[in-house]
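Participant: Here the protein sequences come in this chain order: A and B. Start counting the first sequence at 1; every next residue gets the next number (my numbering). Start counting the second sequence at 1; every next residue gets the next number (my numbering).
Just to be clear, a hint being listed does not mean it is correct.
[What the hints assert, rightly or not] In silico contact screen, one side only, chain A against chain B (beta carbon under 7 Å); selected entries:
(1) M44
(2) I48
(3) Y106
By construction, these hints were calculated from the structure, which means they are not laboratory data. Beta carbons: idealized from backbone N, C-alpha and C, even for Gly.
Okay, here's what each chain looks like letter by letter:
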Amino acid sequence: MIDLINALGKNYYYFAAIVLFLIGFHTMLTHSNLIKKVIGMNIMETAIFLFFVAIGYINDRSAPIVDGTPKTFINPLPSALILTGLVVGVSLTAFSLSLIMKLYKYYGTLDADEIMRIRSQEE
Amino acid sequence: MIVLCLLTAFVIPLLGKIKPQIIGPLVRFVVLINSLLTFITLWYVNKNGMYYYHLGGWEPPWGIELSVDYLSIFMLMVINLISLLVLIYAQKDLAHEIEKELEPWYYTLFILLIGAMSGLSLSNDFFNIFVFTEITTITACGIIAVKSNKVCVEASLKYLLLSTLGSGLVLLAIALVYMVTGHFNLNFIAAELPNAVSNFPLNIVVSLALLIVGFGVKSALFPLHVWLPDAHSSAPTPSSAILSGVVVKVYAIVLLRIIYNVYGIEIFTMIPIAEIILALSTLAIFAGSLFAIAQEDIKRMLAFSSVAQIGYIFLGIALVNHFAVAGGILHIVNHALMKSLLFLTAGAIIYKTGIRKISDLEGIGLKMPITMILFSIGALSMVGLPGFSGFISKYYLVLGAIDAQKPFYALVIIISSLLNAVYYLPIVIKAFFGQNYGTFTKDDIPRAMLVPMIILGLGTVVFGIIPGNLFSLVQKAAEILLAAN
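With the hints as constraints, model all of the structure from the sequences given.
Facilitator: Structural data, given as structure tokens:
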């Protein structure tokens, strides 16, 4: 038990990432409000980004900017990938919010279950 | 030469905004050039063997690497040729499906989609795979939502949320792999993994599982398929054809490449993950067919049939032997031909008569004979009649199942062919011999729509009778995949 707590204390960012991921995942799957779904999606993505950045960073190493002084560098690729991921995340959020806006215009509600009900009545 | 393929695809949107009326022809021209370039690459690879292209001259692990082998060229050919035909079809069909001022945007999304899919099938590192996956997802959602009616927007949102979930899982898997290997390049990871697997077996198994679920969501493997029927049936016809014919397959190809080239058969068979995929694909084949039987809308039926066909491809991947993998890859091209043909003919029927319900199709064969004959070709090929291309891939899948000593799956394929017959043949029979026959007339759909359909129909028949060239290509791809271990 103490080992477990020790391990968690040392790797607290992994733990935080996993907790965030679960919160996001749960929100995305269980809530019927579409905006909440998008928020859950964002939390989940952020958790993954945190996880990725955490494993990409090594203590006492610096970013790979060569300025003459000798030091050890970290691999910049994970950070670059996460930078891309952030951009993608923002555009996905914008796209889904715009779609939700359109849905609201058509149905007058943001609730996924409500929309399903309206659709089944129409058919 | 490959870079040109991608770059042209990305330059188009900028150019197209200035002069909207030239975009259509321009896009078709670029895709035509892409197809020609693909053939040149095929010739080159046939002569010199496969090679890696280093972008910007940087060697891996620093630079970006594209792998040009038989598998990626095969996929490029499918992507470019099918989209060329679909684009020719689109120039008439789009006018009545979406608004006039949206057409340039539609073409922009379409060409981006083609570029992203080409990149996905070529790229040899996880970085690019992730980036191109996201581009493919967003553009695919875009070409569904472009029609902007209730159903489309809802389907697109569903697709968007689920595939974001999928790409999140893929990114997590990439993180886990990076954790133990320290590389993004597939070749380097493949070299590192045998050492890593003894120290961190959990990481690798979990990442493999996450990759399969992530790409499974995107390629609509059975229990994860919920977004597909809505999305594919509500989209404009050219989108349906390209989405069902090509887009879901690209993810299957990426998964195939990752499983065989990176993880290798040993890790793949270390845990019973192959059996899980086999069970899921069996379920997919049956459930897809059964749901398709119950549908009334013709495009919805075709979409559910896609779920079943994805099952065949994953069956080929998971049977882990030469015949089955070749059969699975071959089914990708066959299904692309057949399903595009079926969607285009269905679109032509809707274009001309506005009928979407299957029960209203009675006697349509006499009003639109050419369209319905082409539909029948596609349907018979789906069922797997000898002489049509669907037969060849099913035959090799059966051979693979017997070779893997799992004759149960051979039985699955045969029964599912009968199920396919249950929902395709009544349409054909009703169309030609229904009660409600009118006078026998010539169908006057525009030539731009007719020609691609005829080419696809001819392709189905020709590859069914003489599959030689295509099959040797597929066989080489399968050999390379299996020889990597």
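Participant: Under the constraints set out in the numbered hints, which ones does this structure not fulfil?
Facilitator: The structure conflicts with no hint, since it agrees with every one listed earlier.
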